[in-house]
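Just so you know, the sequences run in chain order A and B. For the first sequence, position 358 matches number 358 in the UniProt record's numbering, and the numbering has no gaps at all. For the second sequence, position 66 matches number 66 in the UniProt record's numbering, and the numbering has no gaps at all.
Honestly, the hints are just simulated from the structure, not real lab data. Bear in mind the structure is a predicted one, so any value in this text is a computation, not a measurement. C-beta: ideal position from N, C-alpha, C; glycine also. Accuracy of the hints is not assured; some may be wrong.
[Stated by the list, open to error] Under 8 Å between C-beta atoms, here's a sample of chain A residues computed to sit facing chain B:
1. Asp-171
2. Met-173
3. Ser-180
4. Leu-181
5. Arg-185
6. Leu-420
[To be verified] The following label-pair restraints were derived from C-beta to C-beta distances:
7. A/Thr-297 - B/Glu-139: 52 to 62 Å
8. A/Ile-758 - B/Glu-139: 50 to 60 Å
9. A/Ser-216 - B/Leu-44: 34 to 44 Å
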Amino acid sequence: MSQSPAFVLNVLETPEDPEGSQEPSPYDESEVHDSFHQLIQEQSRWVAQEGLELQQRQPETGALGASGSDHENLPGPEGAPVYSMATLRILASMPSRTIGRSRGAIISQYYSRTMKLRRRAGRPQLRDMGRSARPSLRLYDLELDSAVLEEEEKRGLLVKELQGLTAAQRDHMLRGMPLSLAEKRCLREESRPLRGKQRAQRRHGLLSCCDQLRDSCVLASHNLGLALLSGLQALMPWRYALKRIGGRFGSSVLSYFLFLKTLLAFNALLLLPLLAFIVGVQAAFPPAPGGPVPAFTGLELLTGGGHFTHSVMYYGYYSNATLNQPCASPPNGSQCPPEAGSLPYNMPLAYLFTLGAALFITCITLVYSMSRSFGESYRVGSASGVHAITVFCSWDYKVTQRWATRLQHDNIRTQLKELLAEGQLRQRPQSACGRLRRAAVLGIVWLLCLGTTLGCTLAVYTFSERMIESPVSAEREAVLLLLPLVVCLLNLGAPYLFRILATLERHDSPVLEVYVAICRNLILKMVTLGILCYHWLGRRVGTLKDQCWENFVGQELYRLMVMDFIFTLLDTLLGELVWRLFSEKQLKRKGKPEFDIAGNVLELIYGQTLTWLGVLFSPLLPAMQIVKLLLLFYIKKASLMANCQAPRRPWKASHMSTVFVSLLCFPSFLGAAVFLCYAIWQVKPSSICGPFRTLDTMYEAGKVWVRHLEKAGPRVSWLPWVHRYLVEDTFPIYLVSALLLAVIYLNIQVVKGQRKVICLLKEQISNSCRREAARLPICKDAAGMSAPEVLLRRPPPTPVPKRSPSPAPGAVPLSSLLSYWTSHHLWGKSLSQHSGSLGLAFPWTAEAFRLVLTLPRSGLAAQEHVAAIAGLAEYSVASDLVPRAPSLPPGP
Amino acid sequence: MGNKQAVFTHEQLEAYQDCTFFTRKEIMRLFYRYQDLAPQLVPLDYTSCPDVKVPYELIGSMPELKDNPFRQRIAQVFSEDGDGHMTLDNFLDMFSVMSEMAPRDLKAYYAFKIYDFNNDDYICAWDLEQTVTKLTRGELSAEEVSLICEKVLDEADGDHDGRLSLEDFQNMILRAPDFLSTFHIRI
Numbered sequence: 001m002s003q004s005p006a007f008v009l010n011v012l013e014t015p016e017d018p019e020g021s022q023e024p025s026p027y028d029e030s031e032v033h034d035s036f037h038q039l040i041q042e043q044s045r046w047v048a049q050e051g052l053e054l055q056q057r058q059p060e061t062g063a064l065g066a067s068g069s070d071h072e073n074l075p076g077p078e079g080a081p082v083y084s085m086a087t088l089r090i091l092a093s094m095p096s097r098t099i100g101r102s103r104g105a106i107i108s109q110y111y112s113r114t115m116k117l118r119r120r121a122g123r124p125q126l127r128d129m130g131r132s133a134r135p136s137l138r139l140y141d142l143e144l145d146s147a148v149l150e151e152e153e154k155r156g157l158l159v160k161e162l163q164g165l166t167a168a169q170r171d172h173m174l175r176g177m178p179l180s181l182a183e184k185r186c187l188r189e190e191s192r193p194l195r196g197k198q199r200a201q202r203r204h205g206l207l208s209c210c211d212q213l214r215d216s217c218v219l220a221s222h223n224l225g226l227a228l229l230s231g232l233q234a235l236m237p238w239r240y241a242l243k244r245i246g247g248r249f250g251s252s253v254l255s256y257f258l259f260l261k262t263l264l265a266f267n268a269l270l271l272l273p274l275l276a277f278i279v280g281v282q283a284a285f286p287p288a289p290g291g292p293v294p295a296f297t298g299l300e301l302l303t304g305g306g307h308f309t310h311s312v313m314y315y316g317y318y319s320n321a322t323l324n325q326p327c328a329s330p331p332n333g334s335q336c337p338p339e340a341g342s343l344p345y346n347m348p349l350a351y352l353f354t355l356g357a358a359l360f361i362t363c364i365t366l367v368y369s370m371s372r373s374f375g376e377s378y379r380v381g382s383a384s385g386v387h388a389i390t391v392f393c394s395w396d397y398k399v400t401q402r403w404a405t406r407l408q409h410d411n412i413r414t415q416l417k418e419l420l421a422e423g424q425l426r427q428r429p430q431s432a433c434g435r436l437r438r439a440a441v442l443g444i445v446w447l448l449c450l451g452t453t454l455g456c457t458l459a460v461y462t463f464s465e466r467m468i469e470s471p472v473s474a475e476r477e478a479v480l481l482l483l484p485l486v487v488c489l490l491n492l493g494a495p496y497l498f499r500i501l502a503t504l505e506r507h508d509s510p511v512l513e514v515y516v517a518i519c520r521n522l523i524l525k526m527v528t529l530g531i532l533c534y535h536w537l538g539r540r541v542g543t544l545k546d547q548c549w550e551n552f553v554g555q556e557l558y559r560l561m562v563m564d565f566i567f568t569l570l571d572t573l574l575g576e577l578v579w580r581l582f583s584e585k586q587l588k589r590k591g592k593p594e595f596d597i598a599g600n601v602l603e604l605i606y607g608q609t610l611t612w613l614g615v616l617f618s619p620l621l622p623a624m625q626i627v628k629l630l631l632l633f634y635i636k637k638a639s640l641m642a643n644c645q646a647p648r649r650p651w652k653a654s655h656m657s658t659v660f661v662s663l664l665c666f667p668s669f670l671g672a673a674v675f676l677c678y679a680i681w682q683v684k685p686s687s688i689c690g691p692f693r694t695l696d697t698m699y700e701a702g703k704v705w706v707r708h709l710e711k712a713g714p715r716v717s718w719l720p721w722v723h724r725y726l727v728e729d730t731f732p733i734y735l736v737s738a739l740l741l742a743v744i745y746l747n748i749q750v751v752k753g754q755r756k757v758i759c760l761l762k763e764q765i766s767n768s769c770r771r772e773a774a775r776l777p778i779c780k781d782a783a784g785m786s787a788p789e790v791l792l793r794r795p796p797p798t799p800v801p802k803r804s805p806s807p808a809p810g811a812v813p814l815s816s817l818l819s820y821w822t823s824h825h826l827w828g829k830s831l832s833q834h835s836g837s838l839g840l841a842f843p844w845t846a847e848a849f850r851l852v853l854t855l856p857r858s859g860l861a862a863q864e865h866v867a868a869i870a871g872l873a874e875y876s877v878a879s880d881l882v883p884r885a886p887s888l889p890p891g892p
Numbered sequence: 001m002g003n004k005q006a007v008f009t010h011e012q013l014e015a016y017q018d019c020t021f022f023t024r025k026e027i028m029r030l031f032y033r034y035q036d037l038a039p040q041l042v043p044l045d046y047t048s049c050p051d052v053k054v055p056y057e058l059i060g061s062m063p064e065l066k067d068n069p070f071r072q073r074i075a076q077v078f079s080e081d082g083d084g085h086m087t088l089d090n091f092l093d094m095f096s097v098m099s100e101m102a103p104r105d106l107k108a109y110y111a112f113k114i115y116d117f118n119n120d121d122y123i124c125a126w127d128l129e130q131t132v133t134k135l136t137r138g139e140l141s142a143e144e145v146s147l148i149c150e151k152v153l154d155e156a157d158g159d160h161d162g163r164l165s166l167e168d169f170q171n172m173i174l175r176a177p178d179f180l181s182t183f184h185i186r187i
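Just chain A, with the same shape it has in the complex:
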């Protein structure tokens, strides 16, 4: 240390460097530190060996080697930085660089993988021999003289390992290797156990018949699997149609159709239990006809009344008796002893519980799908990879038809443009004045929209009051259509007004524009529906004393739904087809109208809300909705293909489906649930029809049943007890909801904290990477010579004044080297502290220390370090390393 003449190494001085390459030879350093001479010689021997070996190996490298190992070890053709052999060696042995790079690396990687497999298989006799080659810190160990196995050696080991595995495991491993088929066949040939080979040869003649049988069995099962797979694909309806839509109109329009499909699934889910436990049972045991059934006139299809009134369609048809009981007594079926006949079926209970269960299932599904889609679209860092994923993962290799590939090209181009448009929007700055003007416009437009909404609400309210004042006779049922007509007209007209108003606003983000439109339409529709609900439950119940008000509400909802459908059709016809023809013929414009996603989605949500509202009064309403949705899909698709064009301003729809589902959940389902709960708990059911005709509220059916159970015997006495203390007593409910809220709050906090930590860690990593990138050139040059110092952890030499302020190209100041090393060292420590705070037990063992110490000389980016350290931490957690960390055995 003391006798070193200079601390600035000028590589230009070395005579054997004709072009003044920036690569210092290890021998230069021997002049600086004599004490390292030994090490350096060792190292250079390695380098020499490496070079020789490379030359030997090159001819025999296979298909992969041609493009893999050559590039790895030889300097890049142009522009690529030139590394020294030692650097390359280290580079090559870094775990992340070796993944599937060269044949040798692949082999060694799979060698260690077989180790893992074997360990999992738990064979004790093999376990002892694998000690030295387990996937361990030694993989990360960069010491040049440690036991880095040669390729052939490793290959031999791999073959041995493969021999140790069972045939199935071996085949699985072989198939998964990214080697060429010829290589795999060689490996397989070598790794086949000798015994097996002989047996196979012997068997070939004798048992080929048996083999064929087995093969045909395997083939048959395989074919069966394939057939099932294709069957499954047939079960996914509209896959092709959806693909076409997605290819032509982009993800935004596609999201509308996907949402429609989701709604279909929800309705099917709701309908199935209702069909099975209410409609089907009631249809099997029809009640005595109450009176003459009016003839079918055709108007019923619109009004839902008349002929349909006394059918399974509506609440009024369902009996309040216990079905399937020989001694049924109409007012209270529970007087019969249960063992008298076959299983009794209490219709009121079935009605209540089936409906409750179906809605509960819907709720759970809805919440689950909402949370899942939130998780998918709002994951931390998920927004960071969209470009890359679109570029690399969006091409569908299966597509074989020319026009389909063109669609795909178009789709990807649109997607990329969407992404770019979104990115650019974020960067545009704005002046204060412009912002103020925009805020004013925004405020006025919002006021106008809300005013329109209020006007619509008032109109509906006054109209509904008028309807109550003038009762409709049974013959003039068509008058009943007036209220739905008004509601639908308002629902159709107001959105157009909103659209015109929205053009004043000029939102620069198309996504924001859509959200605002959705918000306005939603407010309008929800307020209108709220008024209607009040009209039904608050006013109609009182006025329809002698009639079945449940039937009336059911019919109203049916009418609304049918009207809604008709108006949607009209809208499609007028808004899309006629407008296109008009603009083509008259205005001679080429542009077709654009598909209004927001409006159409709102239509769907509105229709679904109607279904949920009406399901209590008309159990078959989901079936109607299913039919409506099916028709809508084809009509909308046809109209879209014929009349519309892809959105002019491309925008990303990744979060769209999430928003749709949340809208479906929050105002729509929740509102309907509140309405239904109110109807069940508070409103007195009509006394002349329906399963609850004798009761004060629908909920009483449950109470009656519990009372009956109390009488039934001690066997089920716990149920009334549960009912009394858990359901009727409010305290447990409060307690449970308080606990639930607390758990939710805690979870939110935990997630928040985790997000913060993730962001911090990301920031830290990227900062370190940047710092690293700035320093990398220095260490690249110095990689070869700094190794000995770092390894031996010598104290840094006393700084000596530099010869010149700016050293010649190729000269490496030792001090910068050392500061580089120090920064690494510190950085590693800080990371360990951080991971410690995260709860990862990070063992600061000798191995880890050596790892961090040896990192700088490799001249690698920080990502490698992170990978290595994280791997270390993972390994120490996964294995039983942590308790005996200090006594980790040194490398072999």
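We have chain A already, so just place chain B on it with the hints.
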């Protein structure tokens, strides 16, 4: 059946079965597809492992690859010496990797190679430009393409070296749930 037996020996078929994700039937089907590409070139007897290569022009004209913008890269990556001319082994290898059964790691490895146009084991900006141009049939402006490349590098380049290593690529693939289904060719 006798015809099938004549093409490959029992051992050969078994080896193919063990080293690819195909059944015997699929291997035979693939062989006949291969043979159909160049009937006068490929013999119907493979028991002696003839050294036959089908030129790229014929490989690229298969309906499965014909309209694929990356067909040339696929052929190059799977061919022995990178020129796109394929032996039967290469051919089977290609469809094996592209099959439904192939694991994500394997697919990601080969996808990386396909997108690495200049074979330097890194996806650099130039490779990315090629990819984007091929994906969009060159209908984006040069400015847009370079912007996209910049974004992609920004997102996926974990070690900030200005290019994507295999590790970066695999990391990115992990976040793409439908990669497995899109990187798949039906035979």
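Hints, verified against the model:
1. Asp-171: holds (5 Å)
2. Met-173: Given a least distance of 10 Å, the restraint on A/Met-173 is violated.
3. Ser-180: holds (6 Å)
4. Leu-181: Interface hint status for A/Leu-181: holds (4 Å vs cutoff 8 Å).
5. Arg-185: holds (5 Å)
6. Leu-420: holds (6 Å)
7. A/Thr-297 - B/Glu-139: 52 to 62 Å: Taking Cβ atoms as reference, A/Thr-297 and B/Glu-139 lie about 58 Å apart, which means the hint holds.
8. A/Ile-758 - B/Glu-139: 50 to 60 Å: Since the Cβ atoms of A/Ile-758 and B/Glu-139 sit about 38 Å apart, the hinted range of 50 to 60 Å is violated.
9. A/Ser-216 - B/Leu-44: 34 to 44 Å: violated (23 Å)
Of the numbered hints given earlier, the model fails hints 2, 8, 9; all others are met.
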